[in-house]
Amino acid sequence: MAQQSDQSTPLQLTPELVRRVARLARLSVPEAELPGVAEDLARVLHYADRLAALDLASVAPLATPLERPITLRGDAPGPVMSPDLVLAIAPACFEGFISVPPVLVGGGEGDGGGGA
Amino acid sequence: MIAASAQSIARRVAARQDSAGAVVAAAIERARAVQSRTNAFTEILPEHALARAHALDAALDAGAAPGPLCGVPVVIKDNICTTAGHTTCASRILAGYRSPFDATAVARLAAAGAVVIAKANMDEFGMGSSTERSAYGPASHPTASGRVPGGSSGGSAIAVASGVVPIALGSDTGGSIRQPAAFCGVVGLKPTYGRVSRLGLVAYASSLDQIGPIAGSVADAALALRVIAGHDPADATSLPDAAADMSQPLGRAPASLRVGVVGPEATEGLHPGVRAALDRAAGALRDAGAHLVPVQMPHAEHAIAAYYLIATAEASSNLARFDGVRFGRRAALGPLDGIDELYTRSRSEGFGPEVTRRVLLGTFALSSGYADQYYGRALRARRLIKGDYDAAFAHGCHALLTPVTPGPAFMIGEKTSDPLSMYLQDAFTVGVNLAGLPALSLPMGTTPDRGQELPVGVQLVGPPMGEPALLAIAALVENAGTSHA
Chain W
1 MAQQSDQSTP
11 LQLTPELVRR
21 VARLARLSVP
31 EAELPGVAED
41 LARVLHYADR
51 LAALDLASVA
61 PLATPLERPI
71 TLRGDAPGPV
81 MSPDLVLAIA
91 PACFEGFISV
101 PPVLVGGGEG
111 DGGGGA
Chain X
1 MIAASAQSIA
11 RRVAARQDSA
21 GAVVAAAIER
31 ARAVQSRTNA
41 FTEILPEHAL
51 ARAHALDAAL
61 DAGAAPGPLC
71 GVPVVIKDNI
81 CTTAGHTTCA
91 SRILAGYRSP
101 FDATAVARLA
111 AAGAVVIAKA
121 NMDEFGMGSS
131 TERSAYGPAS
141 HPTASGRVPG
151 GSSGGSAIAV
161 ASGVVPIALG
171 SDTGGSIRQP
181 AAFCGVVGLK
191 PTYGRVSRLG
201 LVAYASSLDQ
211 IGPIAGSVAD
221 AALALRVIAG
231 HDPADATSLP
241 DAAADMSQPL
251 GRAPASLRVG
261 VVGPEATEGL
271 HPGVRAALDR
281 AAGALRDAGA
291 HLVPVQMPHA
301 EHAIAAYYLI
311 ATAEASSNLA
321 RFDGVRFGRR
331 AALGPLDGID
341 ELYTRSRSEG
351 FGPEVTRRVL
361 LGTFALSSGY
371 ADQYYGRALR
381 ARRLIKGDYD
391 AAFAHGCHAL
401 LTPVTPGPAF
411 MIGEKTSDPL
421 SMYLQDAFTV
431 GVNLAGLPAL
441 SLPMGTTPDR
451 GQELPVGVQL
461 VGPPMGEPAL
471 LAIAALVENA
481 GTSHA
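So the sequence lines, in the order shown, correspond to chains W and X.
My numbering applies: residue 1 is where the first sequence begins, and numbers increase by one.
My numbering applies: residue 1 is where the second sequence begins, and numbers increase by one.
There may be inaccurate statements among the hints.
To be verified - Every beta carbon over 10 Å from chain W, so not counted as near; a handful from chain X, in silico:
#1 17
#2 47
#3 68
#4 203
#5 219
#6 266
#7 318
#8 337
#9 340
#10 376
#11 414
#12 452
#13 478
Said to hold, decoys possible - What the simulated footprint calls covered on chain W by chain X, stretch by stretch (three residues with Cβ under 8 Å from a Cβ of chain X suffice, anywhere in the stretch; the number is not a length):
#14 34-44
#15 76-90
Claimed, not checked - Here are the in silico distance ranges between beta carbons for each label pair:
#16 46(X) / 14(W): 26 to 34 Å
#17 47(W) / 47(X): 32 to 40 Å
#18 450(X) / 16(W): 19 to 27 Å
#19 244(X) / 76(W): 19 to 27 Å
No lab work stands behind these hints, which were simulated from the structure alone.
Since the structure is predicted, the reported quantities are computational estimates derived from the model, not experimental observations.
Idealized CB from N, CA, C, for every residue including glycine.
From just these sequences and the hints, can you work out the full model?
Put into structure tokens, the structure is as follows:
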């Protein structure tokens, strides 16, 4: 994201910034709701800014509470879901495949499947 | 009204004094009655449950060995996968979804003889503290009209508090088992991170989520945990020794019991009924011979801020899977729309407002230019918060006694317009998830509030893998809420 934050000033969470975050999250926020969403997020982020009071310079991040390394299971094939089961829970299928609309709009000739 | 205990149901069914079919049929009848008052369930499963109960009866009649939950009806939160019925996380985006597999915890319950009778209502994807944020509509407190049951495992707590079942499964990412248990007057146990497999728990925040039981008694919570705990090779965060010390239903409380209590500055602003509940619990612990010692939690005030950045960051990643392609809801598209419209419309139509808000918050906290300031800072604060707990237990505390919530159940609609005020309800519970610790919400009587009498609970927090001692300590003071009231 191009817009950088200045840690010395409160974050200005503009509707434009919310629109850009929504785009990253593949969500659409109606124009009329943008100011309200921006205000809600800004209040939470303003509250979160209290973490700036902590001296964290020498503190390592903690991403998981596990105190031991995770153990991966053996790299051996196990049972797999049948294609029928996978297709049964897919929202749109075509001749044994999950169908999606064109990935390159205007480029492909896919069946679409978007109306399912 | 609490149902007959799971232990007594299983004993009677095993001895053929009751049939599983009759027990389950009665539970379904109660579920239907409770549903009409509280909207506790996303789905009641009479056909599945009765077929399963009759199969159990036939097996027992043929000489099969009874499991420890033989014929016990149970309810499963709707974000835990079951092949019976649907698994929707109370979200429009998973409307109609049927899981092709059972969560490991559900499979373990079934192997022990339990019968799933219903899926429980919840805040969508676990994102809420009131069970008001559900695509199925809000759930209501089981005894106090107009109040929330707590959340996000509100339906599970209602099911136990209303006597539908003795045990229900919930999930706890920041207090979602303990808070509704406290609001509804039942026992809620959030296990150590890694104690119970997360396979089949639809992920909200993977480093915080844990499945656990809500039960009518400490003994039933212990029994349920004993059944569902254990290593699962299919969950890389499942601890290899997850079941190692769970062989006894209830252990003995440690000799020379030391329980840490936080200072008064940490409990400023508490509802007087919560403060009185803490006093009752402390008195009962003293009566049982415990030595109460003051503990310092200097970073606890930062837990909410760290939690809501980490949880939403993880949620924004986990919920990326709901894209309308492989499962769940797909939006209707026009002929010229492409994959990007599919993603965006499916998600925007499928997620409710609170899920949308949290995904946006998490996406922002992880975005380039802000990740260090928000997500990175929260992870560093998390280490300090965990360090507070580590220090308390290193000084010899077997458990910590804290509030579960600042007050009793609030009114429906009271906090929905102010997300931050809702988040602050979790001040006493989220630190436990950040640190991966076990914690138990224990009913401790009732308190008057605005003309209604409401349950209150207290929280006991243990060190990693400290559930046996935690449950034993809880059993010591389990009746203090009524005997000292």
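Checklist entry - Does 19 to 27 Å hold as the CB distance between residue 244(X) and residue 76(W), or does it fail? => result holds, 25 Å
Next on the checklist: I want to verify a distance hint. Is the separation of the beta carbons of residue 46(X) and residue 14(W) within 26 to 34 Å?
Outcome noted: violated, 53 Å
Checklist entry - Does the no-contact call for residue 47(X) survive, Cβ to all of chain W over 10 Å? => result holds, 19 Å
Next on the checklist: Using Cβ atoms and 10 Å as the threshold, tell me whether residue 478(X) really stays out of contact range of chain W.
Outcome noted: holds, 28 Å
Next on the checklist: Would the non-interface assignment of residue 266(X) survive a Cβ cutoff of 10 Å against chain W?
Outcome noted: holds, 16 Å
Checklist entry - Regarding the assertion that residue 340(X) does not contact chain W, is the least Cβ-Cβ distance greater than 10 Å? => result violated, 7 Å
Checklist entry - Is it the case that residue 17(X) keeps its Cβ farther than 10 Å from each residue Cβ in chain W? => result holds, 39 Å
Item to check | Non-interface claim for residue 337(X), where every Cβ of chain W lies beyond 10 Å | outcome: violated, 6 Å
Checklist entry - Are all beta-carbon distances from residue 68(X) to chain W longer than 10 Å? => result holds, 27 Å
Next on the checklist: Verify this label for me: residue 414(X) is non-interface relative to chain W, using a Cβ-Cβ cutoff of 10 Å.
Outcome noted: At roughly 17 Å from the nearest Cβ of chain W, residue 414(X) sits farther out than 10 Å, so the non-interface label holds.
Next on the checklist: Taking 32 to 40 Å as the stated bounds, is the beta-carbon spacing between residue 47(W) and residue 47(X) within them?
Outcome noted: At 48 Å between Cβs, range violated.
Checklist entry - With d taken as the least Cβ-Cβ distance between residue 203(X) and chain W, does d exceed 10 Å? => result Since the minimum Cβ distance to chain W is about 14 Å, residue 203(X) lies beyond 10 Å and the statement holds.
Figure legend: structure checked against the earlier numbered hints; hints not met, in rising order: 8, 9, 10, 16, 17, 18.
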